[in-house]
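Taken in order, these protein sequences are the chains called A and B.
Under the working numbering, the first sequence has 65 at position 65, and the numbering climbs by one with no breaks.
Under the working numbering, the second sequence has 24 at position 24, and the numbering climbs by one with no breaks.
Some hints could be false.
[Said to hold, decoys possible] Below, a sample of chain A positions facing chain B; criterion: calculated Cβ distance under 10 Å:
{"hint": "1", "residue": "GLN6"}
{"hint": "2", "residue": "GLY16"}
{"hint": "3", "residue": "ILE60"}
{"hint": "4", "residue": "PRO61"}
{"hint": "5", "residue": "GLY63"}
{"hint": "6", "residue": "SER87"}
{"hint": "7", "residue": "CYS91"}
{"hint": "8", "residue": "PRO99"}
{"hint": "9", "residue": "GLY105"}
No lab work stands behind these hints, which were simulated from the structure alone.
The beta-carbon is built from N, C-alpha and C at its ideal position, and this holds for glycine as well.
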Amino acid sequence: DVKVTQSSRYLVKRTGEKVFLECVQDMDHENMFWYRQDPGLGLRLIYFSYDVKMKEKGDIPEGYSVSREKKERFSLILESASTNQTSMYLCASRFTGKPQHFGDGTRLSIL
Amino acid sequence: AQSVTQPDIHITVSEGASLELRCNYSYGATPYLFWYVQSPGQGLQLLLKYFSGDTLVQGIKGFEAEFKRSQSSFNLRKPSVHWSDAAEYFCAVGALNNAGNMLTFGGGTRLMVKP
Numbered sequence: 001d002v003k004v005t006q007s008s009r010y011l012v013k014r015t016g017e018k019v020f021l022e023c024v025q026d027m028d029h030e031n032m033f034w035y036r037q038d039p040g041l042g043l044r045l046i047y048f049s050y051d052v053k054m055k056e057k058g059d060i061p062e063g064y065s066v067s068r069e070k071k072e073r074f075s076l077i078l079e080s081a082s083t084n085q086t087s088m089y090l091c092a093s094r095f096t097g098k099p100q101h102f103g104d105g106t107r108l109s110i111l
Numbered sequence: 001a002q003s004v005t006q007p008d009i010h011i012t013v014s015e016g017a018s019l020e021l022r023c024n025y026s027y028g029a030t031p032y033l034f035w036y037v038q039s040p041g042q043g044l045q046l047l048l049k050y051f052s053g054d055t056l057v058q059g060i061k062g063f064e065a066e067f068k069r070s071q072s073s074f075n076l077r078k079p080s081v082h083w084s085d086a087a088e089y090f091c092a093v094g095a096l097n098n099a100g101n102m103l104t105f106g107g108g109t110r111l112m113v114k115p
């Protein structure tokens with residue numbers, strides 16, 4: 001069974017902090033994704049990675065960066081957290097051309 | 001650019017009643033279509049997908065969806081709803097690019113089930 005693990009279920013940070021969200025998958029998937037989920041807006045793609053050290057911007061990359069140093073791990077970085085980044089963040093992974101598998105999400109609050 | 005519309009934000013049905021959740025998409029070529037379900041506090045679970053072939057697709061938990069190209073729709077159906085089906089449902093359309101299928105999600109429909 002595919003396992004996508006997000007390191008924190010809930011996280012509270014302060015404005016201006018640098019925030020790291022971690023995601024690990026155990027199925028050797030090439031592709032990994034970070035989304036944010038907001039009520040009424042569904043999921044919006046922030047960044048994705050199709051291989052180690054490879055990344056591409058999604059629909060809403062502003063204020064975020066990512067890191068993929070190892071195939072199984074994909075990190076989302078908020079360089080200087082702001083209150084409008086309070087949201088649910090979902091990580092997903094997949095083999096190319098196959099459906100995505102999602103983690104349980106990290107609910108991030110920026111105070 | 002592709003887009004997905006789920007016209008109903010909330011739907012309430014009685015347990016045992018039939019269910020149809022609407023999904024309309026906009027995409028310039030043959031789409032890859034998905035329905036995901038999200039239970040409270042959980043990530044998204046794939047219910048079913050359409051890539052090609054038979055336009056009526058069967059999924060898990062007794063769900064099915066029908067792809068209608070002429071109406072740009074991919075509505076999700078279930079003949080008899082169970083209380084455990086209460087959740088939020090997301091329709092998504094995928095497009096090919098260098099990394100394979102990239103998904104655009106609709107805004108979601110929250111399903112409530114009355115006893």
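These are the hints, each one checked on the structure:
1. At its closest, the beta carbon of A/GLN6 sits 8 Å from a beta carbon of chain B; the interface hint therefore holds under the 10 Å criterion.
2. A cut of 10 Å between beta carbons decides the hint on A/GLY16: the least distance to chain B is about 29 Å, and the hint is violated.
3. Interface restraint check for A/ILE60: the shortest CB-CB distance to chain B comes to about 12 Å, outside 10 Å, so the restraint is violated.
4. With 10 Å as the threshold, the beta carbon of A/PRO61 stays out of range of chain B, its nearest partner Cβ sitting at about 14 Å, so the hint is violated.
5. Of the supplied interface hints, the one on A/GLY63 is violated, with its beta-carbon coming no nearer than about 20 Å to a beta-carbon of chain B, more than 10 Å.
6. Hint on A/SER87 is violated. Least Cβ distance to chain B is approximately 14 Å, over the 10 Å limit.
7. For A/CYS91, the interface hint holds, since its Cβ comes within 10 Å of a Cβ in chain B; the closest pair sits about 8 Å apart.
8. For A/PRO99, the interface hint holds, the least distance from its beta-carbon to any beta-carbon of chain B being 5 Å, beneath 10 Å.
9. At a threshold of 10 Å, the smallest CB-CB gap from A/GLY105 to chain B is about 6 Å, leaving the interface hint in force.
When each numbered hint is compared with the structure, violations occur for hints 2, 3, 4, 5 and 6.
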